[in-house]
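Visitor: Listed here are the chains, written in short residue letters.
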Amino acid sequence: MKNIHGRVHLLGDNVNTDLNCSSKYLPGRDNAYVAQHAYERVAPGFAARFKAGDVIVAGSNFGVNSSREQAVHIMRTMGVAAIVAQSFGRLFFRNTINNGLPAVECDIAGIADGDDIEIDLAAGRVTVAARKLVRTAAALPPAVQQILAAGGLIAFLQQHPDWQSA
Amino acid sequence: MKMGRTIAEKILAAHTDGEAPRAGDIVVARVDFAMVHDARAANALKMIARLGVKDLPFAAKTAFVLDHYSPPPNIEAANTHGAMRAFAGAHDAVLYDVGDGICHQVLPEGGHLTCGDLIVGTDTHSVTYGAFNAFGTGVEGTDIAAVMSTGKLWFRVPETIHIELKGRLQPGVWAKDITLTMLGRLGAEGANYRALEYAGTAVSAMEIDDRMTLANHAAELGAKAALLEADDKTIAWLKSRHARAPRPITADADANYSERIEIDASVLAPQVARSHLIDDVIGVTEARGQKVNVALIGTCTNGRLDDIRQAAAILKGRRIAKGVRMIVTPASRRVYLDAAREGLLEALTHAGASVEAAGCGTCVNITGHLITGDGEVVISSANRNFKGRLGNDNSEIWIGSAATVAASALTGTITDPRDVAGGKWRAA
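Sequence lines, in order, name chains V and D. Sequence positions in the first sequence follow my numbering and run 1 to 166. Sequence positions in the second sequence follow my numbering and run 1001 to 1428.
Hints were generated in silico from the structure; no laboratory data involved. Mixed in with the good hints, there may be bad ones.
To be verified - Quick list of in silico lysine-lysine cross-link-like pairs, DSS-like style, CA-CA up to 25 Å: (1) V:Lys24 to D:Lys1387; (2) D:Lys1061 to D:Lys1046; (3) V:Lys24 to D:Lys1424; (4) D:Lys1239 to D:Lys1061; (5) D:Lys1322 to D:Lys1424.
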C-alpha cells in the first residue's frame, strides 16, 4: 500500500458522527448536503476548509455511539484520505474498514491543525516531519488489510463470493 | 502455557473452522441470525443492491424490524418501511411491522435466538442478546450485505472484562443502577472493543427483564458484547418462546480476562446520569430536588414488563405532579398486552401518563413527538442523553431506572424510588 500524505484537520474527543456527519437529524438531506456541513457544530467552517486528500486527526472515541455507516460514505464523498485518532468507536472503526477508508489508531498528542502528515499503513507508522514526530500504530491484521486493499467489503466479496480466501 | 477461554472466545470458536481463536485474532464466522431495523434498512438494502447478489438464502434467518420510525414521521421513512416489507416478502425474511415492538425485544420474544448463538444486528444495542448467553453485536449495512450473501462475517475476537456482581440488589435498585455505576467508574466507551462477562449471585437473582437491561446498557460502555451465563431461568424463558435448542457456553475457570471488576450489588443505591453525559453519574440522593418537566419510560433498555410493573406500583391510585408530562412506551406488543392484562396501563393512564404503541418511541426524537421546550428537564429510562437527542439543545436529559423515573414523575423532582410507596417493588 502507498503512503498517505495530507493536511491535518483536527477534531476533539468523543466526536459523534451521527450528529456531525449524517442525516439522522436532517431527514431528507442527501450526502452532498451533509458533506457541506460536516463537523460544523464542533469545528465551525470545517467543511469549507477541507480539501479532498486531507486527513482528519481526532481525539478519543471518534465515531462514538450509533455510528451510521453513512458518515463514512460522506467522508469518502469529501475525499477524506485517512482518519488518525487516539481511539475509535467500535462500530465506526468497523465501518471504515468495510468501506476502504484507512483508520489509524495512535497517540495524537502534538499534532496540530494544518500539519502535513504522512501515514504508512503497512508499517503502522504516522509521521509529522516538520515536528520530528513519529508515532507507531497497531498494524492491521492480514484479513483486514485484504478488505481495505480491495476498496471495502463489497468489492472484496465481489472478488471472493464464498469468502474462502479470508 | 495452557489458558482457559472466555465465553466470547468460545462462541466465536464454535462458529469458525480450524484452530480455536484467541482474543485479538480476526475470524470469519458463521452467523446464526441477523436483524435490520428501519433506521438502517435503507442503507442495508442499498449495500445489498450494490453487492448485486440475487440469491440470498440467509434472508430467512434475518428479521426486518420497523421500530425506530414508528410511526413514520415523514415520507422518506414511510417509503423505507414499504421497501422493507417488499424485500421481506420477496426473500422470505421475518418481518416485524410498526407497533410490534423494538428489535431487541421482539428477537428474543420471537424465539429467534438461543444460548451459544452468534447474532448481528444493525444497532449498537444488539449486545442485549448476551442476556441469553448469545454473542450479539452491532454491525452496519455493508455487514448485512455480507451476511445475507455468505452467512458469514469478519470479527475481531474481543478481550473480555469479567464483572463479578456479589450479593444481590436491594428492593428499589435495578440493573440500570449497576450499569450506571459501571459507567461512572469506567467512563463512556470504557469497555470499547471489549466484551463484558457478568457473573455472580446478583445476576442469578435477577429476572430475565433485568438481565436484558444489564446486557443492553453495556452498549454505552462501548462493549462489543455483554455475556451472561445461562441458568434454569434462561432455559425456561427461551423454551417458552420456542427458541432453538440451547447450547449454553460457560467460561473456563482459568479464562484469560483483560480486567476483573467486583461490585457488591447489595450496597448499591439508585443512580442517575446527569445531562448531557451518560458517564456523569451520581447517587439519586445527590440529585434530590432537581425539578423535572418530562418523564419517559420505555426503550430497549427499560421498557419491559417489570419496568412497567414497577412504575405502576408507584403510580397506581395517585397522580403525577402537576405540570409533568409522562410517556410510557412498552418495548413490544407482547409487553403491551401483558401490561394491559395486568391493569398496569389503566393505572398509569389514570395517574396522568400517556401510553404509546410499542416501539423505540421514548428514546430519540426521530418521530418528532418528544420535542422539549427551552430549559425543560427530562428524566428518562433510556440509554443515551447527549445534547439534542430529544430535539432541543437547550433542554436537559437525565437518565435513571424506570423506578426512579416513576418516583420523579410523582413528585416533580428527581426522587429516590425507595422514598415513595411502591418504590421497593420487585418481581416475586
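Visitor: Which numbered conditions among the earlier hints are violated in the structure presented, ordered from lowest to highest?
Guide: 3
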